[in-house]
Structure formats: structure tokens, C-alpha cells
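Participant: Listed here are the chains, written in short residue letters.
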Amino acid sequence: MSLSDDELFVLSYYRSSEINGSLFFGRLARVLKPGPVQHDLTKHFADEAQHAWYWTRCIDELGSRPLKLAEAYQDRYLEAAGLPLNLMEVLAITLVFERRVINQYAKHLALPGLAPQIGATIGRIMEDERWHVQWVRDALAGLEERFGKDHVDATLRRYREADREVYADTLAEYEQRLGFLSSGLDHRSAP
Amino acid sequence: MTPPTPDDIRRRIAAILDVAEERATPEADLADLVADSFRLVEMAIEIQDDYDVMFGQQDVARLRTVGDLAALVHSRLGAGSSP
Chain A
1 MSLSDDELFV
11 LSYYRSSEIN
21 GSLFFGRLAR
31 VLKPGPVQHD
41 LTKHFADEAQ
51 HAWYWTRCID
61 ELGSRPLKLA
71 EAYQDRYLEA
81 AGLPLNLMEV
91 LAITLVFERR
101 VINQYAKHLA
111 LPGLAPQIGA
121 TIGRIMEDER
131 WHVQWVRDAL
141 AGLEERFGKD
151 HVDATLRRYR
161 EADREVYADT
171 LAEYEQRLGF
181 LSSGLDHRSA
191 P
Chain B
1 MTPPTPDDIR
11 RRIAAILDVA
21 EERATPEADL
31 ADLVADSFRL
41 VEMAIEIQDD
51 YDVMFGQQDV
61 ARLRTVGDLA
71 ALVHSRLGAG
81 SSP
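Protein chains in written order, with the working numbering: chain A, 1 to 191; chain B, 1 to 83.
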């Protein structure tokens with residue numbers, strides 16, 4: 001089974017986004033104080049790098065080579081939401097983003113006639129993604145006392161709004177390439 | 001223990017950004033001292049950790065220079081007025 005041009009674009013986009021995620025968490029892992037958040041964020045960083053490898057291998061197994069893409073999802077995301085300025089904001093944007101990732105991968109996994117290599121890759125990644133959401137949600141809850149629950153909730157709302165905008169814009173811009181993923185889906189639904 | 005002065009904080013900013021103190025003058029534009037904007041995120045997290053202070057989007061909306069940031073941290077330490 002070989003990849004269509006659109007599929008190759010989407011898998012390459014996933015790969016680029018995983019690489020960007022890894023670089024984001026890697027840089028943060030380098031500056032955080034030792035502790036539980038540093039511990040879990042370092043694992044998260046390693047997972048994202050591993051996911052980029054999974055996509056590279058998957059594309060290779062399907063007889064193609066990853067496309068070199070100029071940008072990834074996170075670039076638009078940070079532009080729309082603003083750069084996070086403290087650990088709470090980093091975790092909030094991460095939680096919203098990870099939920100979007102799970103939602104996107106679940107949609108892809110539900111496609112009929114999916115290549116087994118793609119299904120296996122998404123399945124493997126989804127196992128890690130569930131843990132990502134869990135640890136980030138727990139860490140955020142742990143910061144509510146310091147930052148205030150209302151402030152944490154407001155920050156999450158701000159990032160969810162940005163997420164909805166970016167996702168809708170991304171689908172609109174890449175409508176032709178992503179059409180096979182988005183048909184019949186509500187583009188503006190919350191993650 | 002003597003609380004840090006804005007100049008102490010300025011020197012710490014220079015150290016975190018790994019630039020010479022002479023470059024990190026109070027008037028120096030933060031954006032000119034970093035290779036990419038994400039470096040500012042790393043620096044913001046480190047400086048808040050170092051001084052055990054917090055600031056958010058509203059606080060930094062008007063921040064531009066090293067001196068602005070040093071003044072913000074200094075004000076959060078309760079040792080000066082807001083920028």
C-alpha cells in the first residue's frame with residue numbers, strides 16, 4: 001500500500017508537529033527546577049521525539065520519504081495564543097494541545113481502509129498521549145493553590161479559544177489535503 | 001539577607017541569557033539579546049524560579065527592555081514600585 005500525496009502531507013505534518021513538540025519540551029526540561037514536573041516533562045519530551053521517529057518509520061515503511069515542511073501546528077498555536085510566561089501557562093497550553101492531538105489522531109484512526117502501519121503508529125502514540133493528558137492535568141491541579149483556580153481556568157479558556165481558531169484556520173488552509181480527515185466533522189467543536 | 005537590587009537582577013538576566021553584562025544594559029531590548037522568541041519563555045520561567053516571583057501576560061505586555069524586566073521582578077519582590 002502506498003501513500004497518496006495528501007496522506008503523505010498529513011503524516012509529514014504529524015511528524016513535524018511531533019518534532020516541534022519535542023523541541024518545545026526539551027528546551028523547557030532544560031530550565032525547570034528538579035522535581036516531579038521536571039521529571040514528567042522530560043519523559044514527555046522523550047515521547048514526542050519517539051513519536052517523530054514512529055512517523056518517520058511509518059512513512060518509510062509505506063514507501064515514501066517525509067516531506068520537509070516549513071511549519072508545524074505549534075507555530076500557529078503559539079502565535080495565536082501568545083508565548084507562555086510561566087509554568088502554569090506552559091501546562092495549560094500543553095493540556096489543550098494534547099487534547100487536540102488525541103482528537104485528531106482518533107479521527108484519523110476511524111478512517112475506513114487505513115493502512116495497518118498508520119493504524120499501528122497512531123495506536124502506539126495514543127497510549128503515550130493519554131498519559132500526557134493525565135500528568136499535565138494533575139500537575140495543573142497542583143498549581144491551582146499557587147496561581148488560583150479561577151486564573152488557571154481562565155488561562156485554559158484562553159488557550160481553548162486559540163486552539164479552536166487555529167484548528168479551523170488550519171483545516172481551511174489545507175482543506176484539500178485534510179479533506180479526507182474532516183468531511184462531516186464539526187471543525188469548530190471543542191477538543 | 002539583602003534583597004537584590006534592580007542591577008543584581010539585570011546581571012542575573014544577562015547570566016540566564018548567556019550574554020555579556022555590558023550588552024544587557026537597562027536600555028537593551030530583550031528581543032535583541034535572544035536568538036529566538038522562545039528563549040524569552042525559558043528566561044521568564046528561570047527568573048521567576050530564581051526569585052520565587054510570578055508574572056503573567058498582563059505584566060509583560062509592555063515589557064521591552066532589560067530594565068523593564070528587572071524593575072518588574074524587583075517590584076514583585078516588594079522592594080520597589082511597579083514598572
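Careful: at least some of the hints might be erroneous.
Said to hold, decoys possible - Quick list of in silico lysine to any residue cross-link-like pairs, SDA-like style, CA-CA up to 25 Å: (1) A:Lys-33 to B:Glu-27; (2) A:Lys-43 to B:Gly-78; (3) A:Lys-68 to A:Asp-169; (4) A:Lys-43 to A:Asp-5; (5) A:Lys-149 to B:Ala-14; (6) A:Lys-107 to B:Val-19; (7) A:Lys-43 to B:Leu-33; (8) A:Lys-43 to B:Val-19; (9) A:Lys-33 to B:Gly-78; (10) A:Lys-107 to A:Phe-9; (11) A:Lys-149 to B:Val-19; (12) A:Lys-68 to A:Lys-33.
Keep in mind the hints are simulated off the structure, nothing from the lab. Being a predicted model, the structure only gives us computed values, none of them experimental.
Participant: Kindly indicate which numbered hints from before are broken by the structure, ordering the numbers from low to high.
Facilitator: Violated hints: 1, 2, 4, 5, 6, 7, 8, 11 and 12; rest satisfied.
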